[in-house]
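**Q** Which chain is which? The protein sequence lines are X and D, in order.
Sequential numbering from 289 applies to the first sequence in this note's numbering.
Sequential numbering from 13 applies to the second sequence in this note's numbering.
Keep in mind that the hints are not guaranteed to be accurate.
What the hints assert, rightly or not - Derived DEER-like restraints, expressed as beta-carbon distance ranges:
hint : chain 1 : residue 1 : chain 2 : residue 2 : range
1    : X       : Ser291    : D       : Leu38     : 25 to 35 Å
2    : D       : Glu71     : X       : Ser397    : 22 to 32 Å
3    : D       : Lys76     : X       : Glu304    : 31 to 41 Å
4    : X       : Asn349    : D       : Glu71     : 25 to 35 Å
5    : D       : Ala84     : X       : Pro402    : 47 to 57 Å
6    : D       : Thr29     : X       : Gln359    : 43 to 53 Å
7    : D       : Lys53     : X       : Thr343    : 46 to 56 Å
Said to hold, decoys possible - In silico SDA-like pairs for lysine to any residue, Cα to Cα no more than 20 Å straight-line:
hint : chain 1 : residue 1 : chain 2 : residue 2
8    : D       : Lys54     : X       : Gln290
9    : D       : Lys54     : X       : Ser368
10   : D       : Lys53     : X       : Ser361
11   : D       : Lys54     : X       : Gly384
12   : D       : Lys32     : D       : Glu117
13   : D       : Lys53     : X       : Ser372
14   : D       : Lys32     : X       : Gln330
15   : D       : Lys53     : X       : Gly341
16   : D       : Lys54     : X       : Val299
17   : D       : Lys53     : X       : Gly347
18   : D       : Lys76     : X       : Ile389
19   : D       : Lys54     : D       : Thr90
20   : D       : Lys53     : X       : Ser297
21   : D       : Lys53     : X       : Asn349
22   : D       : Lys53     : X       : Thr343
23   : D       : Lys53     : X       : Ile348
24   : D       : Lys54     : X       : Phe302
Honestly, the hints are just simulated from the structure, not real lab data.
This one's a predicted model, so the numbers in the text were calculated from it and none came from an experiment.
Glycine residues also receive a C-beta, built at the ideal position from the N, C-alpha and C atoms.
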Amino acid sequence: AQSVTQLDSQVPVFEEAPVELRCNYSSSVSVYLFWYVQYPNQGLQLLLKYLSGSTLVKGINGFEAEFNKSQTSFHLRKPSVHISDTAEYFCAVIRGGGSYIPTFGRGTSLIVHP
Amino acid sequence: GAVVSQHPSRVICKSGTSVKIECRSLDFQATTMFWYRQFPKKSLMLMATSNEGSKATYEQGVEKDKFLINHASLTLSTLTVTSAHPEDSSFYICSAREKSGSGNEQYFGPGTRLTVT
Chain X
289 AQSVTQLDSQ
299 VPVFEEAPVE
309 LRCNYSSSVS
319 VYLFWYVQYP
329 NQGLQLLLKY
339 LSGSTLVKGI
349 NGFEAEFNKS
359 QTSFHLRKPS
369 VHISDTAEYF
379 CAVIRGGGSY
389 IPTFGRGTSL
399 IVHP
Chain D
13 GAVVSQHPSR
23 VICKSGTSVK
33 IECRSLDFQA
43 TTMFWYRQFP
53 KKSLMLMATS
63 NEGSKATYEQ
73 GVEKDKFLIN
83 HASLTLSTLT
93 VTSAHPEDSS
103 FYICSAREKS
113 GSGNEQYFGP
123 GTRLTVT
């Protein structure tokens, strides 16, 4: 079985500051990793994904994430946040060769202050 | 990109009535669709997986007679909440897996806010 841990339930940050949202997973096999963003009363939008290849993945809205196999982590980063980045962020894992049903973390609420 | 729509976006119904939520893949064919439930400030809870033309597979603890899922075509899945009660009030999100895709990405609908009074 796989699990996803998002260590921070809430991350407050000032506008234009850098941010890192942490995600760790547990799986004994290869995985696919995703970050989604959810704005209030909306569905999930894919920010970026890691399937294979380069461990540094760039996504939309200036976000990037790095897959670290030894630490089983997939932390999300942005060098300079905007007010509009205030949202809920979900990390998700799909186990390779399985049913392709994702397991979601509990979410991290990013709050950007002016 | 792939777009998934849900209808309605919001619905308020009285206790005891049934509500149907539609999930459509607009520009692709989806062999598999997923239904999630999300409580306030919580993550997504997978309710069921539906494959076109076959019965849905429900997650443990989800009442299949209460949450009826139909996946009649490659572009449409419906979730019917039967005899709704206030505790069924929630945000319901569907997602779809593209038939021609690699199988590792889902596209999410915008969600439906159900309020049962």
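**Q** Could you work out which of the previously given hints the structure breaks and list their numbers from low to high?
**A** When the structure is compared with the hints, numbers 3, 7, 9, 10, 11, 12, 15, 17, 19, 21, 22, 23, 24 turn out to be violated.
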